[in-house]
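> Here's the letter readout for the chains.
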Amino acid sequence: MSVEATAPVVEVEGATVRFGREAALDDVDFRLFAGEVHSLMGENGAGKSTLIKALTGALPLGAGEIRLSGEPVRMSSPVDAQRLGIRTVYQEIDLLPNLSVAENIALGREPRRFGGIDWRAMRERAAAVLAELGVDIDPGSLLGSHSLAVQQLVAIARAISADVKVLVLDEPTSSLDADEVAELFRVVRELKDRGVAILFVSHFLDQVYELCDRITVLRGGRLVGEYSTKELLRIDLVQKMLGRELAEVPIRRGEEPDPSSRVVIEAQGLTRGSRPRDADLRIHEGEVVGFAGLLGSGRTELARLLAGVDRPDAGRLLVDGRPASFPGPRRGIGMGLVYSSENRRTEGIIGELTVRENIVLAVQAQRGLFRLMSRARQRELADSWIDALGIKASSPEQLARELSGGNQQKVLIGRLLALAPRVLLLDEPTRGIDVGAKVEIQNLVAEMAANGVSVVFVSAELEEVLRVSSRVVVLRNGLLVADLPADEVASSALLALVMQPDDGT
Amino acid sequence: MTRLLRHRLVLPIAALLALIILNTVSRPTFLSITVRDGQLYGSLIDILRNSAPLMLVALGMTLVIATRGIDLSVGALMAVSGAVALTIIDGSGSPDAAGTITLAIVAGVVTTLIFGMWNGFLVSVLGIQPIIATLVLMLAGRGIALLITSGFITTVTSAPYRFMAQGYVLGLPFAFYVSLVAILLVALIERRTALGMLTEAVGINPEASRLAGVRSRGIVWGAYAASGLLAGVAGILYSSNIMAADANAAGQYIELDAILAVVLGGTSLMGGKFSIAGTVIGVFTIQTLKSTITFLGVPPAVSPLFMALVVVLVVLVQSTRVRTGARRLWAMLRPVKDAEAAR
Amino acid sequence: MSDVTTVRPLDAVAARVRRFTSRRASWIPVFAAVGILVALLVAGQVYFGNFVTPRVLSSLLLDNAYLLILAVGMTFVILTAGIDLSVGAVLAFTAMLGASLMAQGLPAALVIPVMLVGGALIGLFIGVLIQFFDVQPFIASLAGMFAARGLAFLVSLSSIKVEDPVILWLQSKLFYIDGWFLSPTGIIAILVVVAGALVLQFTRFGRTIYAIGGNEQSARLMGLPVVRTKLLAYVISGACAGLAGVVFTAYQGAGYPLNGLGTELDTIAAVVIGGTLLTGGSGFVLGSMIGVLVYGTIKTAISFLGAEQSWTRITIGILLLVFVVVQRAIVARSTRRR
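Protein chains in written order, with my numbering: chain A, 1 to 505; chain B, 1 to 343; chain C, 1 to 338.
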């Protein structure tokens with residue numbers, strides 16, 4: 001089906017958005033056709049989210065024009081965009097968990113009877129929309145009682161329940177497992193067949209290639225080009241996004257594990273709820289152990305158990321050969337085990353404190369109340385880590401929340417490294433960070449391993465795990481299914497290990 | 001110059017100064033201090049003395065608010081400590097003996113300390129919302145105080161006890177020294193130990209702090225315990241002032257005055273960064289306001305109306321909307337400078 | 001996907017229960033409140049013997065009609081994750097205003113609407129502070145409370161007797177049905193409860209209130225009129241306080257500026273005991289009504305015991321505590337399981 005023959009549903013010409021002197025979007029053109037799945041690609045800061053905000057009415061254009069079915073439109077709020085048929089499903093499901101599924105779908109357009117809301121009609125209408133999408137849930141149930149994946153499908157149901165011309169999906173698969181992603185894709189293809197124009201924003205290259213027809217690449221606020229997925233190689237796509245050859249970026253891999261090196265942590269039969277179950281694992285000095293697995297496989301949970309952040313329901317943890325129990329993160333830190341959470345903003349960085357305070361926080365907490373570090377000493381410590389990690393901040397007194405994601409992650413790592421830990425457990429440290437900072441952090445991990453620190457590296461990106469680790473551990477549905485040296489595994493084999501469906505064990 | 005203007009104590013100090021100027025203009029005797037029998041008298045001295053209970057309660061409230069909480073029970077706790085202390089003095093045979101007085105004061109303060117720890121337990125261990133957790137004692141506390149005094153307003157005559165609220169040392173009211181010691185102690189503990197920074201971390205992001213190894217639970221618990229302790233001392237001062245344990249009147253609405261003082265001083269109700277100095281200024285502002293209202297001949301019963309006006313004024317000034325509006329207005333009035341800046 | 005060929009009866013029941021809990025999870029705290037009410041009534045009957053009689057139960061409604069009306073307004077506000085500390089003071093102010101106007105000869109038909117509007121205006125003032133000046137509900141309603149209390153004393157420093165026949169009729173006229181009696185104030189209270197329940201369940205305004213409490217940001221993104229709705233919630237609370245002022249004046253036969261001291265706390269306690277969450281988005285007017293009845297029952301029991309009235313507050317405090325701890329335990333257990 002040739003999509004080019006018809007006129008585009010959405011046409012953007014010369015879009016420009018300026019924040020002060022910076023141009024977030026600079027003379028960008030964009031076209032979206034009915035019945036296609038289109039992907040917007042680019043690094044963080046390339047202008048993707050700005051273009052999306054402009055398309056969905058959340059941001060006005062400084063210059064340029066947006067045309068819907070040929071007619072120029074002016075949108076001053078997301079409500080305007082919704083009225084024009086442009087619907088968005090955000091990453092953080094913007095629905096109401098305390099109301100029912102049917103009500104979430106209908107809110108704002110409820111069916112009426114005798115001047116009041118007709119609940120039965122609302123439930124029936126919701127059931128109809130859900131059935132169209134092939135989703136089988138009780139429309140009367142509370143939205144909050146369903147998994148995130150189902151809530152997302154309800155959000156899509158809401159988006160299509162009234163006339164929809166354009167559906168924007170913003171990072172919809174970040175929190176979904178393989179089955180749920182497949183379900184989502186099925187729904188998206190349904191909508192595509194119905195003639196809806198779909199904008200799919202995701203940083204998972206594989207998914208983009210599987211689902212999308214065309215790709216628009218942005219870089220530095222400018223349009224690089226519009227391509228068909230069939231004609232663009234992945235490596236070429238990455239090159240267009242980065243503007244430089246991937247091979248130029250040097251990676252260091254962790255050293256081969258020395259079988260005689262000391263075991264720092266040993267897990268025996270660690271179990272907590274259903275994830276993880278019965279995990280046995282040894283971590284040696286100076287190793288980089290990568291945790292690979294799908295979302296919900298138990299990687300984070302196992303890492304937290306190893307760091308002493310959570311308590312196991314069964315099994316035990318040996319540190320330096322002696323059993324240890326942890327009533328909380330403090331004990332773990334006291335033993336040299338430090339954990340960096342995957343939720344950088346909610347469980348990591350303390351936004352309103354300065355960079356200096358964030359870095360010295362853990363050290364100060366360990367020293368206790370009465371041994372306050374002098375301001376000079378704090379400054380010294382903070383400066384040394386800012387230098388060592390290349391943290392880009394205007395000064396150590398800058399508030400942490402003003403830094404970019406990559407720099408915030410570095411501050412977090414600085415805080416943990418300041419404790420001179422023996423084991424560093426990093427959970428998704430490079431999520432949402434641009435490629436340059438990603439590489440810096442990966443190199444840092446190798447450097448630390450060379451200095452005798454053991455690192456546990458949890459990541460959803462299998463290539464990254466292979467690149468960084470000396471040993472790879474695979475988790476699937478809460479069970480540890482493989483434990484191999486990294487150079488014995490090819491990425492396709494790793495993928496198979498990670499995704500193999502459970503055979504009922 | 002602009003750096004100085006942006007310091008967060010500027011507005012509270014300005015507000016207090018404005019009030020003082022207003023007062024001096026309408027009654028020039030406001031600033032005058034007379035000496036009699038080696039003791040200082042005057043409106044300013046009255047403010048120093050009368051603000052002591054509020055100062056103590058507000059200091060505790062600052063710590064609690066910094067941990068993202070609130071303590072609504074402080075007024076009731078004041079009633080309790082007064083009830084305990086006076087009941088002991090009343091029941092003893094020697095109301096003037098140093099031993100009795102000491103026992104009474106210690107018992108009163110320890111009781112409210114324990115209640116404060118109870119609040120802390122509810123909030124930090126059981127995870128109950130601070131408003132509800134402290135609401136329980138706010139409701140039940142006065143009843144408990146009444147039970148302790150068997151339903152009466154216990155009165156005692158005891159010169160040493162009365163000294164606390166009404167006596168003088170080195171010319172200044174004893175109560176003022178109590179305030180001073182409390183301020184110094186709290187400031188020292190917060191800023192000379194790591195407690196200040198750790199409390200701010202806990203208030204801003206409790207989970208991240210916990211993962212960084214901060215003893216979140218202990219810090220929150222401690223804040224409520226401190227609030228209870230300080231409320232107890234405030235209650236002793238109050239009962240010393242009227243030489244009676246009035247379970248209904250003691251500390252009535254003081255929790256609201258304290259919250260107002262803390263907010264006036266620049267600490268946000270959302271927790272995190274706090275300022276002891278700001279609270280001190282806030283307390284003096286409120287006390288001066290009360291003195292102003294009394295002087296204006298407004299019946300004390302109507303004074304809440306003025307408090308409302310102050311609250312509205314303060315929040316308007318602190319509101320970001322008003323601030324951006326004012327900034328825009330300021331920018332409009334300086335067009336030439338702006339054009340240059342844009343270059 | 002499993003084949004459902006034979007459905008075992010136990011499975012069917014389990015499925016029913018599961019569907020009920022997933023559909024109506026927010027009703028569970030209300031049922032708990034009903035359970036407590038029933039337990040209290042039974043205990044009272046067992047202990048006193050003449051507790052559960054038409055006379056006592058009718059008095060329950062009569063004596064607490066004002067609190068019932070306040071609780072309905074407070075429910076609206078708490079559902080939006082806000083709070084209104086001014087209701088007791090607004091009750092006192094409108095009572096004083098009304099009593100004063102009637103003492104000057106104005107007829108009740110004119111005065112009662114004035115009282116309602118007075119309450120609504122204070123509610124509007126609070127709502128504007130919250131919505132347009134980003135003031136926290138706690139502080140804004142505190143300001144409202146201070147203002148209203150001061151205004152009450154401004155009207156008069158001492159109580160004003162009310163002799164208006166209409167007002168007095170509201171309380172004194174008793175409709176007898178078979179040992180049960182009902183006064184116009186009781187009828188008003190019940191009407192307010194019914195109206196509140198209908199509005200929250202069947203109007204877009206009511207559903208928006210729940211939406212705001214669930215996630216205000218999402219509600220706004222969905223295009224719901226968040227600003228207007230939040231303002232209205234506080235206006236309603238203020239108007240209810242005004243109406244409660246009417247009822248209370250009828251009850252006391254006078255306006256007294258120290259009325260309603262601490263009533264806001266009783267109201268909040270009743271609403272929370274009735275199963276409404278302070279975090280917003282979950283709760284029902286009927287639940288708040290149960291909460292008020294629990295409060296009234298405890299008050300009655302205490303007067304039966306001949307103990308001091310201060311025990312009522314203590315008991316409510318303890319009950320509130322127990323309720324909240326249990327609620328917390330249930331929430332903690334369900335999040336752990338997931």
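Worth double-checking, as some hints may not be accurate.
So the derived list for chain A, only partly shown, Cβ under 8 Å to chain B, looks like this [stated by the list, open to error]:
1. Q268
2. T346
3. E357
4. L497
5. V498
Hints listed in this document are in silico derivations from the structure and should not be mistaken for laboratory results. In this text, all values refer to a predicted model and were calculated from it rather than measured experimentally. Note that the Cβ used here is the ideal one computed from N, Cα and C, for glycine as well.
> Hint by hint, say whether it matches the structure.
Hint check:
no. : hint : result
1   : Q268 : violated, 25 Å
2   : T346 : holds, 7 Å
3   : E357 : holds, 6 Å
4   : L497 : violated, 30 Å
5   : V498 : violated, 27 Å
The structure fails to meet hints 1, 4, 5 from the earlier list, while all remaining hints are met.
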